[in-house]
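Protein chains: 2
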Amino acid sequence: MKVIVDMMGSDHGTEATVPGVLRFIEEYPDVQVFCVGNEDELKPLEGKATIIHAEDVVPMDAGALQVLRLRNSSMNVAIATLLEEEANAIVSAGSTGGFLSATTVKLKLIPGIERAAITAPFPTAIKGKKMVVLDIGASNENTPEQLIQFAKMGSIYAEKVLDIENPNVYLLSNGAEDDKGTPEVVEANKRLREMDFPGFKGNIEGREALDGHVDVLVSGGFAGNIFLKTSEGIAKFFGNSLKKMFTKNLSTKIGYLHVRKGLKEIQDTFDYKSTGGAMLLGINTVAVKAHGNSDAYTFYSALKVAYKMAKQDVVAKIKEGFVEDGS
Amino acid sequence: MKVIVDMMGSDHGTEATVPGVLRFIEEYPDVQVFCVGNEDELKPLEGKATIIHAEDVVPMDAGALQVLRLRNSSMNVAIATLLEEEANAIVSAGSTGGFLSATTVKLKLIPGIERAAITAPFPTAIKGKKMVVLDIGASNENTPEQLIQFAKMGSIYAEKVLDIENPNVYLLSNGAEDDKGTPEVVEANKRLREMDFPGFKGNIEGREALDGHVDVLVSGGFAGNIFLKTSEGIAKFFGNSLKKMFTKNLSTKIGYLHVRKGLKEIQDTFDYKSTGGAMLLGINTVAVKAHGNSDAYTFYSALKVAYKMAKQDVVAKIKEGFVEDGS
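Chains A and B are the protein sequences, given in the same order. Count the first sequence with the working numbering and you get residues 1 to 327, in order. Count the second sequence with the working numbering and you get residues 1 to 327, in order.
One thing to keep in mind: the hints can contain errors.
You can't tell identical chains apart in this list, so a pair holds if it fits in one copy or across any two.
27 Å max Cα-Cα, derived DSSO-like pairs, lysine-lysine [unchecked claim]:
#	residue 1	residue 2
1	Lys190	Lys311
2	Lys43	Lys243
3	Lys311	Lys106
4	Lys201	Lys236
5	Lys2	Lys127
6	Lys236	Lys108
7	Lys264	Lys244
8	Lys130	Lys248
9	Lys317	Lys48
10	Lys264	Lys236
11	Lys319	Lys190
12	Lys248	Lys129
13	Lys190	Lys43
14	Lys160	Lys319
15	Lys308	Lys127
16	Lys243	Lys264
17	Lys244	Lys127
18	Lys243	Lys129
These are calculated hints, taken from the structure and not from any lab test. Bear in mind the structure is a predicted one, so any value in this text is a computation, not a measurement.
Only chain A is shown next, with the shape it has when bound in the complex (with noise of 0.2 Å):
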């Protein structure tokens, strides 16, 4: 297996992709890593991986055009070593929108696919139970054929990497009965139904899509966003808020000595992190965005997610799925 790695370009840059690729060929032996970037930085990997060096660095802000241009970025480079090496995975902690442009015009959408959605397992109220999310952010506007296309990429997903047998599908919306939400969830909705999609319920709201019984919640790429960074939102103002409860005085910090065990298990339940990355799901190859804020564990999470998608062959996959019944 060949996995591309494009070093440059996340917050804490090399100081965090370096040390995440070390541990990552230490555990993965048999994957072949090519990493990308400057010659100077990967230094440490010399040996160990095979270096490519990249003038330019992508911005972490830089919109579609402006990456194209970037022909000597890291980013590029890495994507056209893909292509060269023919490798399985790519995988990136720089722009996500620039990663997603990118990867779209140059490694091209699975046919039958119009429109790539970022997804990432996203944490429930059932301990270890993962729920699939998507669109997360690739789209401010989809049309229900896109949702529906959402819908059956969400199901592979959750079947061949998850491992969740028939898996059951909503649609995020801001009612459970059918009529609710914009036209574009409504025709979704009502597509989804007459095709008797398998394992679709319906429509679930925010409220209710955490509670653990969802397996993928299928959303365009804006209302996603709301629902993942709000989330993350309220993650964080419960973590600040204990933190600062239980630090306040000697009294609350013997109480936190009674409940550790448990304060850690409800941090380890709600993890946005420790998937370290968001899959690019349509694009046709495995690619992975990392988070830009990686530090060398996260990134290191990332590559493994690229290097399991890429053994479970979700790709091809997704592809017979699309190829089957023609859409």
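Once you've looked at the hints, dock chain B against the given chain A.
Frame of chain A, contents of chain B only:
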């Protein structure tokens, strides 16, 4: 002051609304209260409020047309009573969609306003600091012009009712940059910038919106509803998790005793229900929608919200705001 109350149609019916009204009357003896509903169930209010019998009840899931057809429903009779009595405010815990449609059709919108917005003061990470979020569910789609109108109504509400001087205003989006969001959000951002809208700061993500520095958060109804419901969902998740953690065994129960006060504070900071209801801003009268699952206290709180809005003459102030600059 005259307040009209639709006593029927909520989850707990008159078991919640009757004691809620009794408490309100006790505390505000200067207000004339008109209670509309099944007269048998309203007997405890005899001599304290004007009781008006209404045969029917609007079901919780009623659509717009169904509500208008139910002429003898408590909701419609309450609205008719408001018009007859030239009353100052109306409160209902019945169907949100129904209440919105019926008030829009029969009480009309304030001239210049295209769509009513449902809004509620929203808790933030700063104790006691609330922000105004609108629209949280009146519409499924909104034009840039409507978003701008929400910004205006929200600012007036924040200034006149929440006593926030020069409130700042943000657009909820999937990125902080001006070019992020749906085409409607991007266009609204552009126009708010062009018109130098007072206090307009730009876009904000769901993650930062709760930090406590936002006074007015403007959103289309669909995304606003996702924002609200997702927040509630995560808050519920943390609430349940903490409860389970602290009640696990004797040791954790002792832990609880050490932080009881702090936990109460967190709970109070993040209490969605304390405000009692949501306002229908843009309607040509004070219209408050109490929670569908209101208990007596919540319903009483909704009545207080209506009282305060009427006392502060919020509707007149919004009217002035829309006349002043002719939009």
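Structure-based check of each hint:
no.: 1; hint: Lys190 / Lys311; in the structure: neither (36 Å within a copy, 46 Å between copies)
no.: 2; hint: Lys43 / Lys243; in the structure: neither (40 Å within a copy, 51 Å between copies)
no.: 3; hint: Lys311 / Lys106; in the structure: within (23 Å within a copy, 62 Å between copies)
no.: 4; hint: Lys201 / Lys236; in the structure: between (31 Å within a copy, 23 Å between copies)
no.: 5; hint: Lys2 / Lys127; in the structure: neither (33 Å within a copy, 52 Å between copies)
no.: 6; hint: Lys236 / Lys108; in the structure: neither (36 Å within a copy, 41 Å between copies)
no.: 7; hint: Lys264 / Lys244; in the structure: both (16 Å within a copy, 13 Å between copies)
no.: 8; hint: Lys130 / Lys248; in the structure: between (34 Å within a copy, 24 Å between copies)
no.: 9; hint: Lys317 / Lys48; in the structure: neither (31 Å within a copy, 69 Å between copies)
no.: 10; hint: Lys264 / Lys236; in the structure: both (15 Å within a copy, 18 Å between copies)
no.: 11; hint: Lys319 / Lys190; in the structure: within (25 Å within a copy, 40 Å between copies)
no.: 12; hint: Lys248 / Lys129; in the structure: between (33 Å within a copy, 21 Å between copies)
no.: 13; hint: Lys190 / Lys43; in the structure: neither (56 Å within a copy, 46 Å between copies)
no.: 14; hint: Lys160 / Lys319; in the structure: within (13 Å within a copy, 57 Å between copies)
no.: 15; hint: Lys308 / Lys127; in the structure: within (22 Å within a copy, 44 Å between copies)
no.: 16; hint: Lys243 / Lys264; in the structure: both (12 Å within a copy, 15 Å between copies)
no.: 17; hint: Lys244 / Lys127; in the structure: both (25 Å within a copy, 13 Å between copies)
no.: 18; hint: Lys243 / Lys129; in the structure: both (25 Å within a copy, 20 Å between copies)
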